[in-house]
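> Under my numbering, residues 126 to 328 are what the sequence shown spells out, in order.
Incorrect hints may appear among the rest.
Heads up, simulated EDC-like pairs for lysine to aspartate or glutamate below, C-alpha to C-alpha not over 16 Å straight-line [said to hold, decoys possible]:
# : residue 1 : residue 2
1 : K161      : D141
2 : K163      : D186
3 : K284      : E300
4 : K304      : E219
5 : K314      : D261
6 : K251      : D316
7 : K252      : D208
Ranges of calculated distance between the beta carbons of each label pair, as one might list FRET restraints [said to hold, decoys possible]:
#  : residue 1 : residue 2 : range
8  : K162      : A275      : 21 to 27 Å
9  : P130      : F256      : 46 to 52 Å
10 : K284      : P259      : 21 to 27 Å
11 : I196      : N296      : 33 to 39 Å
12 : D263      : D180      : 28 to 34 Å
13 : D249      : A209      : 32 to 38 Å
14 : K214      : F328      : 38 to 44 Å
15 : A209      : Q143      : 46 to 52 Å
16 : A281      : D180      : 40 to 46 Å
17 : V146      : S292      : 37 to 43 Å
18 : P259      : S158      : 47 to 53 Å
Don't read these hints as lab results, they were simulated from the structure. Where is the CB? At the ideal position from N, CA and C, for every residue including glycine.
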Amino acid sequence: MATVPVVENLLTAHPDVQAIVCQNDDSGMGAISVLKKKGIKAYVVGCDGVPEFLDAISAGDALATIGNTGIWLGGGMAVRLFDAINGVKLDPLERMQHFEVFVINSPAAAQAFKTLQTGPNPYDFKKMSRFLHPNDWDMQTVLTQIRPDAEWEPLATQKPHNYQLPSAYRNATSEDYAKLDAMYQNHLKSDPFDAIKKLCTPF
126 MATVPVVENL LTAHPDVQAI VCQNDDSGMG AISVLKKKGI KAYVVGCDGV
176 PEFLDAISAG DALATIGNTG IWLGGGMAVR LFDAINGVKL DPLERMQHFE
226 VFVINSPAAA QAFKTLQTGP NPYDFKKMSR FLHPNDWDMQ TVLTQIRPDA
276 EWEPLATQKP HNYQLPSAYR NATSEDYAKL DAMYQNHLKS DPFDAIKKLC
326 TPF
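Given these sequences and hints, build the entire structure.
Given below as structure tokens:
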């Protein structure tokens, strides 16, 4: 595992390390293996919510991971394609969105997430379709619109010379984004992960 030599070098240089934050759970598992081998106790955080790392949280070897909904991402985007093929038109501001992820940081939440992720598909993809359900569609996760100027403001100095956002974004107002956010919130009728979020420790 590529993470192992990196963490070994880290601990050689900084044997008093208190926390290791990894970009994914597989790297987190590598970090845990090195910490155990060296007898060092440190917080380990990952991302993705893979079963092995969820077990590590339950065992006290890891602090937290990020629960993302990969099943939803694939199925939800397939629904968007299905709707587009069938003539559903979206507001241009709906083309860039954030979908919700959440921190899993308790043994109870870790095991509940593992059970849901490794069990039957928890989503009703047909219900997400605006073509099939024009009035009562339900995306089954929190979605918010990305405001490009705010999202990329920290990178403004790297913007290509003379680049402009498409007119739909240049002309959009805060009210336009707020209206779409409210629409998605109103259509959020179910969330398979809602009960799991309540098991997570507030921070």
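> Decide, hint by hint, whether the structure agrees.
Results for each hint:
no. : hint                       : result
1   : K161 with D141             : 14 Å, holds
2   : K163 with D186             : 14 Å, holds
3   : K284 with E300             : 26 Å, violated
4   : K304 with E219             : 11 Å, holds
5   : K314 with D261             : 9 Å, holds
6   : K251 with D316             : 15 Å, holds
7   : K252 with D208             : 12 Å, holds
8   : K162 with A275: 21 to 27 Å : 44 Å, violated
9   : P130 with F256: 46 to 52 Å : 51 Å, holds
10  : K284 with P259: 21 to 27 Å : 38 Å, violated
11  : I196 with N296: 33 to 39 Å : 36 Å, holds
12  : D263 with D180: 28 to 34 Å : 32 Å, holds
13  : D249 with A209: 32 to 38 Å : 20 Å, violated
14  : K214 with F328: 38 to 44 Å : 41 Å, holds
15  : A209 with Q143: 46 to 52 Å : 48 Å, holds
16  : A281 with D180: 40 to 46 Å : 43 Å, holds
17  : V146 with S292: 37 to 43 Å : 40 Å, holds
18  : P259 with S158: 47 to 53 Å : 51 Å, holds
Checked against the numbered hints above, the structure breaks hints 3, 8, 10, 13 and satisfies the rest.
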